[in-house]
Amino acid sequence: MNRLPALAVAALLLIGASDRRSGYDDASPDTRAMQDDDAANPAFLWVQQGEALWSEPAGTTGKSCATCHGDVTTLRGAATRYPAFDPQRGRLVTMEQRINLCRTDHMGAPALAWDDDRLLSLSALVGLQSRGMPLAVEPREPFLSEGAALFRERMGQLNLSCAQCHEERAGESLGGSVIPQGHPNGYPEYRLEWQGLGSLYRRLRNCMVGVRAEPFSPDSREAAVLALFLAVRANGMRVETPAVRP
Amino acid sequence: MVRVLVNVPKQIAANAPFDVKVLISHPMESGQRRDQLGQAIPRDIINHFICTLDGETVLDADFFPAIAANPFLSFSVVAEKSGTLALTFTDDHGVTQTELVAITVT
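So the sequence lines, in the order shown, correspond to chains Z and A.
Using this note's numbering, read the first sequence as starting at 1 and increasing by one per residue.
Using this note's numbering, read the second sequence as starting at 1 and increasing by one per residue.
Just so you know, the hints here were simulated from the structure itself, not pulled from any lab data.
The beta carbon of each residue, even a glycine, is placed where N, CA and C say it ideally should be.
Any given hint could turn out to be false.
Partial selection, computed: residues in chain Z whose CB lies under 10 Å from chain A [unchecked claim]: (1) M34; (2) P42; (3) F44; (4) Q49; (5) A52; (6) E56; (7) P110; (8) L112; (9) Y190; (10) L192; (11) Q195.
Pair by pair, the computed Cβ-Cβ distance ranges are [unchecked claim]: (12) E56(A) / A111(Z): 43 to 53 Å; (13) R21(Z) / E29(A): 13 to 23 Å; (14) A52(Z) / E80(A): 33 to 43 Å; (15) A40(A) / E153(Z): 38 to 48 Å; (16) R32(Z) / Q36(A): 26 to 36 Å; (17) R89(Z) / S82(A): 27 to 37 Å; (18) P29(Z) / S76(A): 15 to 25 Å; (19) Q32(A) / Q88(Z): 42 to 52 Å; (20) Q11(A) / R154(Z): 19 to 29 Å; (21) A111(Z) / E80(A): 52 to 62 Å; (22) T67(Z) / A66(A): 16 to 26 Å; (23) E153(Z) / S76(A): 31 to 41 Å; (24) S55(Z) / P9(A): 54 to 64 Å.
Can you build the whole structure from these sequences, using the hints too?
The following block contains the structure:
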């Protein structure tokens with residue numbers, strides 16, 4: 001029974017596993033060179049900040065991340081499993097939400113906003129530990145089917161679905177840019193367009209604003225199920241966090 | 001304090017050029033953009049960068065607008081012996097910051 005939904009989703013995908021292209025493959029040689037060299041990848045400024053935050057106590061309990069987790073290298077592989085189902089809460093949590101839950105539940109610290117540099121720094125640091133490992137996100141139902149449906153749902157004044165660009169027209173051009181397949185294997189990532197680090201949620205938000213839809217709120221079920229669908233769709237692809245994209 | 005990443009090779013040969021790579025977290029606001037109310041956003045860039053090796057200048061550069069945020073610098077240095085690279089930069093607020101990096105010449 002457990003395998004059926006995964007098969008159903010696989011059947012829905014137009015892009016076969018072997019045809020999947022990371023955004024890296026569609027980026028220019030210059031952009032790829034930035035990602036290949038950690039000394040040139042600006043995202044490592046955030047990783048550096050994350051390393052400092054890792055052992056810095058926050059909140060009323062006086063704990064830091066390191067108090068419970070020890071060295072950050074113990075979280076190798078963790079980022080390959082998110083978004084993950086949280087049985088206590090009965091919902092999906094993304095990596096950023098997990099960090100915030102650690103803060104509110106264990107550290108007595110307030111949750112950080114989705115675009116807070118500190119949250120992105122920690123998420124980049126944790127993501128980096130899984131770099132090179134294949135994504136292995138659990139295809140949990142009913143979230144996966146919901147996400148798959150959202151991916152194909154037309155939205156906004158332009159009346160476009162995610163699939164129309166990132167599946168049917170992936171590899172073609174939008175203006176001067178190649179439309180990527182939209183795999184979330186490098187988040188949080190440094191976008192030259194943003195001149196900063198951003199999460200997958202920021203990317204989804206930008207796409208939704210682009211088709212003139214009202215963006216899902218950061219902690220909404222919609223944002224989480226869409227992130228889950230994208231991750232499962234990219235399962236097996238290598239984590240590139242922190243990636244550089246145009 | 002802005003975040004800075006400096007990268008030099010671990011092993012450096014005497015009198016052979018090596019690359020110094022520097023990343024600085026800075027908005028590099030050009031001064032030519034306007035905010036949502038139409039007000040000009042004041043210029044805020046790193047306008048001067050100087051690198052010395054044991055007091056001797058190896059790079060002295062004036063910066064101008066049209067450099068992206070979080071600038072990346074890469075330049076070559078030749079060293080005769082081990083020493084300390086001092087990278088000093090100044091932004092439009094007059095804030096100066098210096099990063100010291102020890103290099104080991106073998």
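Now the hints, each set against the structure:
no.: 1; hint: M34; in the structure: holds (8 Å)
no.: 2; hint: P42; in the structure: holds (4 Å)
no.: 3; hint: F44; in the structure: holds (6 Å)
no.: 4; hint: Q49; in the structure: holds (6 Å)
no.: 5; hint: A52; in the structure: holds (9 Å)
no.: 6; hint: E56; in the structure: violated (14 Å)
no.: 7; hint: P110; in the structure: violated (23 Å)
no.: 8; hint: L112; in the structure: violated (18 Å)
no.: 9; hint: Y190; in the structure: holds (8 Å)
no.: 10; hint: L192; in the structure: holds (7 Å)
no.: 11; hint: Q195; in the structure: holds (4 Å)
no.: 12; hint: E56(A) / A111(Z): 43 to 53 Å; in the structure: holds (50 Å)
no.: 13; hint: R21(Z) / E29(A): 13 to 23 Å; in the structure: violated (35 Å)
no.: 14; hint: A52(Z) / E80(A): 33 to 43 Å; in the structure: holds (35 Å)
no.: 15; hint: A40(A) / E153(Z): 38 to 48 Å; in the structure: holds (42 Å)
no.: 16; hint: R32(Z) / Q36(A): 26 to 36 Å; in the structure: holds (35 Å)
no.: 17; hint: R89(Z) / S82(A): 27 to 37 Å; in the structure: violated (55 Å)
no.: 18; hint: P29(Z) / S76(A): 15 to 25 Å; in the structure: holds (22 Å)
no.: 19; hint: Q32(A) / Q88(Z): 42 to 52 Å; in the structure: holds (51 Å)
no.: 20; hint: Q11(A) / R154(Z): 19 to 29 Å; in the structure: violated (58 Å)
no.: 21; hint: A111(Z) / E80(A): 52 to 62 Å; in the structure: holds (54 Å)
no.: 22; hint: T67(Z) / A66(A): 16 to 26 Å; in the structure: violated (45 Å)
no.: 23; hint: E153(Z) / S76(A): 31 to 41 Å; in the structure: violated (54 Å)
no.: 24; hint: S55(Z) / P9(A): 54 to 64 Å; in the structure: violated (28 Å)
Of the numbered hints given earlier, the model fails hints 6, 7, 8, 13, 17, 20, 22, 23, 24; all others are met.
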